[in-house]
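Undergrad: Here are the chains, one letter per residue:
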Amino acid sequence: MIMNWFAKIMDLPLVRKSNGLRSFLIAGWLGWQIESNWTRPFLFAIYSIVRPLAGVMILVIIYSVITDGALQEPIFAYIYLGNALYILVGQVITGVSWAVIDDREHYQTLRQLHTTPMNGYYYLMGRGFAKLTVAGIAVVIIIAFGKVFFHLPVEMAAIHWPLFLVSTILGIISLASLGLLLGSLTMMMARHFWSLGEAVGGALFLFSGAIFPLDTLPAALRPIGFIFPVTYWLEAARRALLGPQAVIFPTFAEFSNSSLLLILLAFSIFLVFFSSKFYSWSLHRAKEKGLIDMESSY
Amino acid sequence: MNKGSSVYKARGLHLFWRVVWARAYPRIVGTFRERSWLFFETLLPILSTAAYVFVYRAIEAPPEYTGFVVIGGAMIAFWLNVLWNMAAQLYWDKDIGNLELYIASPAQMMGILLGMAVGGLVMSGTRAMIVITISSLLFNVTYETGSLLLFPAVFFVTMAALYGMGMMFASIYLVSGREAWHISNLLQEPVYLVSGFYFPVRAMGFWVAAAASIIPLTLGLDAMRQLLFAGDPTLGFLSVPLEIGILVLLAVIFITGAKLALDKLEEIGRREGRLIERRR
Numbered sequence: 001m002i003m004n005w006f007a008k009i010m011d012l013p014l015v016r017k018s019n020g021l022r023s024f025l026i027a028g029w030l031g032w033q034i035e036s037n038w039t040r041p042f043l044f045a046i047y048s049i050v051r052p053l054a055g056v057m058i059l060v061i062i063y064s065v066i067t068d069g070a071l072q073e074p075i076f077a078y079i080y081l082g083n084a085l086y087i088l089v090g091q092v093i094t095g096v097s098w099a100v101i102d103d104r105e106h107y108q109t110l111r112q113l114h115t116t117p118m119n120g121y122y123y124l125m126g127r128g129f130a131k132l133t134v135a136g137i138a139v140v141i142i143i144a145f146g147k148v149f150f151h152l153p154v155e156m157a158a159i160h161w162p163l164f165l166v167s168t169i170l171g172i173i174s175l176a177s178l179g180l181l182l183g184s185l186t187m188m189m190a191r192h193f194w195s196l197g198e199a200v201g202g203a204l205f206l207f208s209g210a211i212f213p214l215d216t217l218p219a220a221l222r223p224i225g226f227i228f229p230v231t232y233w234l235e236a237a238r239r240a241l242l243g244p245q246a247v248i249f250p251t252f253a254e255f256s257n258s259s260l261l262l263i264l265l266a267f268s269i270f271l272v273f274f275s276s277k278f279y280s281w282s283l284h285r286a287k288e289k290g291l292i293d294m295e296s297s298y
Numbered sequence: 001m002n003k004g005s006s007v008y009k010a011r012g013l014h015l016f017w018r019v020v021w022a023r024a025y026p027r028i029v030g031t032f033r034e035r036s037w038l039f040f041e042t043l044l045p046i047l048s049t050a051a052y053v054f055v056y057r058a059i060e061a062p063p064e065y066t067g068f069v070v071i072g073g074a075m076i077a078f079w080l081n082v083l084w085n086m087a088a089q090l091y092w093d094k095d096i097g098n099l100e101l102y103i104a105s106p107a108q109m110m111g112i113l114l115g116m117a118v119g120g121l122v123m124s125g126t127r128a129m130i131v132i133t134i135s136s137l138l139f140n141v142t143y144e145t146g147s148l149l150l151f152p153a154v155f156f157v158t159m160a161a162l163y164g165m166g167m168m169f170a171s172i173y174l175v176s177g178r179e180a181w182h183i184s185n186l187l188q189e190p191v192y193l194v195s196g197f198y199f200p201v202r203a204m205g206f207w208v209a210a211a212a213s214i215i216p217l218t219l220g221l222d223a224m225r226q227l228l229f230a231g232d233p234t235l236g237f238l239s240v241p242l243e244i245g246i247l248v249l250l251a252v253i254f255i256t257g258a259k260l261a262l263d264k265l266e267e268i269g270r271r272e273g274r275l276i277e278r279r280r
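The listed protein sequences derive, respectively, from chains E and F.
Going by our numbering, 102 is the number at position 102 of the first sequence; the sequence numbering is gapless.
Going by our numbering, 27 is the number at position 27 of the second sequence; the sequence numbering is gapless.
These are calculated hints, taken from the structure and not from any lab test.
Heads up, a few of these hints could be off.
Within a straight-line C-alpha distance of at most 25 Å, the following computed SDA-like cross-link-like pairs (lysine to any residue) qualify [said to hold, decoys possible]:
#1 259(F) - 22(F)
#2 147(E) - 205(F)
#3 277(E) - 51(E)
#4 264(F) - 59(F)
#5 147(E) - 38(F)
#6 289(E) - 37(F)
#7 147(E) - 149(F)
#8 289(E) - 34(F)
#9 147(E) - 203(F)
#10 147(E) - 189(F)
#11 147(E) - 34(F)
Partial chain E-side listing against chain F, Cβ under 8 Å, derived [as the list claims (entries may be wrong)]:
#12 50
#13 65
#14 195
#15 199
#16 202
#17 203
#18 205
Bear in mind that the values here come from a model prediction, so they are computed numbers and not experimental data.
Glycine included, C-beta positions come from ideal geometry on N, C-alpha and C.
Take these sequences, add in the hints, and give me the full structure.
TA: If you want it as structure tokens, here you go:
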């Protein structure tokens with residue numbers, strides 16, 4: 001049935017006309033199949049939730065051990081939500097570069113893909129979108145889990161929806177563009193490509209204030225956090241979800257909600273433009289150097 | 001090797017030793033020849049270790065917790081090595097066609113598994129040492145030196161049990177397809193949680209900690225922390241001698257289990273033709 005629906009979407013005049021949109025949708029569908037069809041849907045659902053849940057539980061236990069279970073303190077919500085939202089960051093950023101690795105090394109289909117009339121930039125965006133879908137579901141479940149079991153102060157009525165939606169859309173555009181940059185770099189790498197996404201994801205985890213306020217970092221390292229869009233998105237999304245309960249640490253005290261959105265918008269425009277140029281350049285270089293169909297057996 | 005026109009053939013224990021060395025060789029030599037690995041392999045654990053250290057600082061935890069995180073973060077190198085370079089290795093080998101070469105040769109599969117373990121231990125040990133050194137310097141971690149004799153014993157039995165477990169997993173993965181990748185993925189964060197990589201495992205409660213003790217790093221890490229840090233003695237899960245005893249038992253069980261599983265699953269694999277299948 002889902003296949004029928006998908007076929008109908010692909011047959012829409014707008015989709016038939018746009019090569020980019022077609023590449024995006026087909027890649028999204030392909031990515032979803034790769035992610036999920038190795039097991040039964042129920043097991044896949046459990047698999048998708050267990051890892052992020054374990055990650056957030058590590059922080060809950062760390063926090064509970066040290067504070068003797070003071071989960072009502074505002075910093076707990078800060079840590080919990082930051083970690084939950086960061087699932088999107090990790091999945092989208094590493095997802096795109098892993099799509100290149102999968103196609104080139106594992107399935108060895110990258111050369112065939114580039115013989116088709118697809119738009120490679122939108123194709124990779126689509127593969128990232130599949131990861132985003134899985135991660136998005138995990139984020140919702142983990143926030144709900146926090147609300148039920150740890151009384152996370154997230155109230156549907158108190159959520160600043162416009163701020164949340166706009167910041168998340170801009171945040172995801174920035175993340176996808178960062179993912180595209182890493183995917184483009186991966187196309188030109190012969191070694192260590194599998195660590196690239198994780199290294200950037202790890203650095204962002206540390207410097208974006210995902211699980212601790214930036215004020216905790218040594219003063220010399222704090223400015224690093226301000227050069228990543230993720231930092232602004234996490235701050236804006238936390239403020240939106242927690243509403244008046246959000247605690248604002250000194251490093252962000254001077255940033256209003258609208259200034260956070262403006263900064264995110266600027267990042268999004270720049271990163272979309274830069275990533276599309278960088279992708280074209282990387283693809284050309286990878287073809288020129290014979291790296292596009294490389295099989296390194298790593 | 002050559003004595004005139006005849007070819008020397010290793011047999012028995014000598015063959016086993018040569019198989020072990022041959023499989024360990026690329027990992028040991030690779031560690032020191034291909035040094036660019038060290039950047040990514042040490043940077044990633046240091047980044048995540050640092051993140052947890054700053055969480056502890058943000059909530060004003062006692063300083064010994066920084067040391068707990070540093071040791072736990074370094075031990076992740078061994079766990080990831082066991083998951084990806086031991087358990088999943090025969091699956092990769094099957095995928096790229098090495099497995100059929102191993103089986104067609106006179107090499108004993110247990111020798112190959114042991115070689116993988118020895119090579120992996122050297123590879124991960126190097127990385128763990130670098131992570132501990134850099135993180136300890138960065139975060140001013142101080143260690144107790146009163147148990148210098150006991151510490152190597154704890155480390156050795158932990159590694160014997162852990163890599164024995166990896167050898168057993170490798171046999172099980174031998175007959176798996178794409179699931180191998182996902183199983184290894186699944187055994188990361190949940191194991192960091194239940195084994196207490198970033199906090200004392202005692203915090204999980206007795207029964208969860210007891211169940212998690214099937215993973216040798218749970219008890220190994222707990223014993224190492226008790227020996228290396230002077231903080232609150234009640235933070236340990238069991239006494240160090242008891243933990244060593246259980247780890248020795250686990251090592252024997254896992255290595256024996258690896259041999260039995262390998263024989264059985266190799267037979268099944270041959271019968272069902274799954275040793276050479278490639279399901280991507």
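Undergrad: Hint by hint, note whether the structure agrees.
TA: Hint-by-hint comparison with the structure:
1. 259(F) - 22(F): Distance of about 19 Å is within 25 Å: holds.
2. 147(E) - 205(F): holds, 23 Å
3. 277(E) - 51(E): Violated: residue 277(E) and residue 51(E) sit about 35 Å apart, past 25 Å.
4. 264(F) - 59(F): violated, 51 Å
5. 147(E) - 38(F): violated, 41 Å
6. 289(E) - 37(F): Given pair residue 289(E), residue 37(F) holds - Cα atoms ~23 Å apart, limit 25 Å.
7. 147(E) - 149(F): violated, 48 Å
8. 289(E) - 34(F): holds, 22 Å
9. 147(E) - 203(F): holds, 22 Å
10. 147(E) - 189(F): Holds. Residue 147(E) to residue 189(F) sits at ~21 Å (cutoff 25 Å).
11. 147(E) - 34(F): Cα-Cα ~48 Å, so violated.
12. 50: holds, 6 Å
13. 65: holds, 5 Å
14. 195: This interface hint holds because 4 Å falls under the 8 Å limit.
15. 199: Cβ of residue 199(E) sits 6 Å from chain F, so the hint holds.
16. 202: This interface hint holds because 4 Å falls under the 8 Å limit.
17. 203: holds, 6 Å
18. 205: holds, 5 Å
Of the numbered hints given earlier, the model fails hints 3, 4, 5, 7 and 11; all others are met.
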